[in-house]
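Participant: The lines below spell out each chain.
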Amino acid sequence: MGRNAAIVAAGQTDHVSRRLDVSIPEMVREAVDRCLGSKDLNPGQVDAVVVGNMELFEGINFPELWMASAIGAAGKPLFKLNNGGTVGASVAVAAAHLVASGLYDVVLGIGYEKQSEGETQSAITTVGDPAWERSVMAGAIGNFGVMASTYVAESGVTAEQAAKVTVKARRNACLNPHAHLQSPDITVEEVLASRMLAAPLRLLDMCPSSDGACAVVMAAPDRAREMTPRPAWVAATETAHDTQFMGDSPKRLARMRSLIAASDSVYSKAGIVDPRAELDVAEVYEPASYAELAMYESLRFCDWGEGGSLVDEGVTLMDGELPVNPSGGVLSTNPVGATALIRVAEAALQVMGEAGDHQIPGVETALATGYGGNAWTEAVILKGSAP
Amino acid sequence: MSTTPPIDSALRLEYVADFEYSYAAGKFASRFMDALRNEARIQGTRCGVCDKVLVPPRPVCGLCLERTAEWVDVGPGGVITGYTVVEVPFIDPMTGIKRPIPYGFAFVRLDGADTNIYHFLEESRHDKISIGMRITAVFKPAPERDGTLADIIHFRAEGPAADE
Numbered sequence: 001m002g003r004n005a006a007i008v009a010a011g012q013t014d015h016v017s018r019r020l021d022v023s024i025p026e027m028v029r030e031a032v033d034r035c036l037g038s039k040d041l042n043p044g045q046v047d048a049v050v051v052g053n054m055e056l057f058e059g060i061n062f063p064e065l066w067m068a069s070a071i072g073a074a075g076k077p078l079f080k081l082n083n084g085g086t087v088g089a090s091v092a093v094a095a096a097h098l099v100a101s102g103l104y105d106v107v108l109g110i111g112y113e114k115q116s117e118g119e120t121q122s123a124i125t126t127v128g129d130p131a132w133e134r135s136v137m138a139g140a141i142g143n144f145g146v147m148a149s150t151y152v153a154e155s156g157v158t159a160e161q162a163a164k165v166t167v168k169a170r171r172n173a174c175l176n177p178h179a180h181l182q183s184p185d186i187t188v189e190e191v192l193a194s195r196m197l198a199a200p201l202r203l204l205d206m207c208p209s210s211d212g213a214c215a216v217v218m219a220a221p222d223r224a225r226e227m228t229p230r231p232a233w234v235a236a237t238e239t240a241h242d243t244q245f246m247g248d249s250p251k252r253l254a255r256m257r258s259l260i261a262a263s264d265s266v267y268s269k270a271g272i273v274d275p276r277a278e279l280d281v282a283e284v285y286e287p288a289s290y291a292e293l294a295m296y297e298s299l300r301f302c303d304w305g306e307g308g309s310l311v312d313e314g315v316t317l318m319d320g321e322l323p324v325n326p327s328g329g330v331l332s333t334n335p336v337g338a339t340a341l342i343r344v345a346e347a348a349l350q351v352m353g354e355a356g357d358h359q360i361p362g363v364e365t366a367l368a369t370g371y372g373g374n375a376w377t378e379a380v381i382l383k384g385s386a387p
Numbered sequence: 001m002s003t004t005p006p007i008d009s010a011l012r013l014e015y016v017a018d019f020e021y022s023y024a025a026g027k028f029a030s031r032f033m034d035a036l037r038n039e040a041r042i043q044g045t046r047c048g049v050c051d052k053v054l055v056p057p058r059p060v061c062g063l064c065l066e067r068t069a070e071w072v073d074v075g076p077g078g079v080i081t082g083y084t085v086v087e088v089p090f091i092d093p094m095t096g097i098k099r100p101i102p103y104g105f106a107f108v109r110l111d112g113a114d115t116n117i118y119h120f121l122e123e124s125r126h127d128k129i130s131i132g133m134r135i136t137a138v139f140k141p142a143p144e145r146d147g148t149l150a151d152i153i154h155f156r157a158e159g160p161a162a163d164e
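Taken in order, these protein sequences are the chains called A and B.
Going by this note's numbering, the first sequence opens with residue 1, and the numbers climb by one from there.
Going by this note's numbering, the second sequence opens with residue 1, and the numbers climb by one from there.
In case anyone wonders, no lab produced these hints; they're calculated from the structure.
Be aware that a few hints might be false.
No more than 27 Å apart at the CA atoms, straight line, and that leaves these computed lysine-lysine pairs for DSSO-like [said to hold, decoys possible]: (1) A:Lys383 to A:Lys39; (2) B:Lys140 to B:Lys27; (3) B:Lys128 to B:Lys140; (4) A:Lys251 to B:Lys52; (5) B:Lys128 to A:Lys251; (6) A:Lys76 to A:Lys39.
Extracted from the complex, chain A is given alone in its bound form (with noise of 0.2 Å):
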């Protein structure tokens, strides 16, 4: 990186299955206004803004056209990615890499989408390369049915274990005002009576389908400083691509490549030796239950075949060794152009000590994941003092 970039800033909606009352650009400028607001900022002091969603989940096509006016972009460098599922984090990255750049000092990201307005399931199928694979494709629960068969046949991990990441992840979510899914009362039992989608996963193993937008304010070292007293320093950013298939990994979800291709530079380039032990907090994107354990495995949380035992002990809940998800996670939240975003947020506001009443205490050093398409996946890790 040329100079250091920090997040002073993050807002999010309040995340449900429909926003009938507002349209995208509405809702989008919520969490605008939530992210400014937090820190008394306005959109005036923003040099440039990136937004990032899935276009065709909501059958709209250069949306930040018309919703320019509504996050403070006109007469403004606005850059817009749209990359899958991934997409937020990588809002987030490409803003930390504009301010260190030199270029801007003041960068407004934006992930966001409202799953209500169209046919995510069929959309989602257009991932696949015309010749290939959408001819054969079952949708994102088959696809994920298969990776999370080839992580059970590999780790040994079960259905309890996998249980008991929904349970944290809904459980985690009655902390944090902003989560869709929030159930206090989920139990282990419930989710394995869940109805059956793609065996091994049920309902209450897949993430739900959510109207949000997320918005963050990456901004440059003195500016950080003036603007919030405890920045959330970008220490290490990440992006890493599998090859072209969903079929060429041999070991798909039980070894996911550019997951750990990802971390191991991460991890490496902010020093850190042991995840477990240095990592306060983790941010991770689990589409599903299953997804998580093998995210451990490949985070280096712990060795291969162990990601059950990890929840089985504890070490990922709220009070445990690592938390994981302490904002209730994609299995509670998943509004998927901000859903990546919303990781990073998340770490952004434990290292802040801004989280409110699902706040680990003492953050220092905190990772956030995105993740999507064919394996694509960004990390990021967050500190509390400048790299």
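Position chain B relative to chain A; hints supplied.
Facilitator: Here is chain B on its own, set in the frame of chain A:
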């Protein structure tokens, strides 16, 4: 700023899109689909560096960054490397028709290949499917084949019934 209207007065705007697309499949897919349609052959390309056979065939090995060296036949037999039984309704984007559930859906590693392809299974009973199980491709009859991956109807357990 005006106040938010009550929910029952919030206007919804309905829009139905009926767009049609026509994609060039490309040189590699065209050659693969020709062999599939005309000869019921499944092919991949071999990387001259890592020696891996990649299916679907492609011009470049993504990890070695080199052009692939040759075309090779794979399958029609193989093993299941991952699977599920889909029990949620899903509208097939290629046909617009809701697929009958449940159906088996798997990662298949064809004999001679080093990568997996997604495809459907004839079997939809969970306890009759397992990872490592041998299966074989069931092709549409020649006159019905149209040069898409759907020329393979599905994969079924290897055995006498599959021999034709």
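Participant: Checking one constraint from the list: CA of Lys251 (chain A) to CA of Lys52 (chain B), max 27 Å. Satisfied?
Facilitator: holds (16 Å)
Participant: Checking one constraint from the list: CA of Lys383 (chain A) to CA of Lys39 (chain A), max 27 Å. Satisfied?
Facilitator: holds (19 Å)
Participant: Can the restraint linking Lys128 (chain B) and Lys140 (chain B) be considered satisfied, given a maximum Cα separation of 27 Å?
Facilitator: With Cα atoms ~23 Å apart, Lys128 (chain B) and Lys140 (chain B) stay inside 27 Å; holds.
Participant: Within 27 Å, alpha carbon to alpha carbon, are Lys140 (chain B) and Lys27 (chain B)?
Facilitator: holds (23 Å)
Participant: For the pair we were handed, Lys76 (chain A) and Lys39 (chain A), check the Cα-Cα distance against 27 Å.
Facilitator: Roughly 21 Å separates the two Cα atoms, so the pair holds.
Participant: Run the distance test for Lys128 (chain B) versus Lys251 (chain A): straight-line Cα separation, threshold 27 Å.
Facilitator: holds (22 Å)
The earlier numbered hints are all upheld by this structure, with none contradicted.
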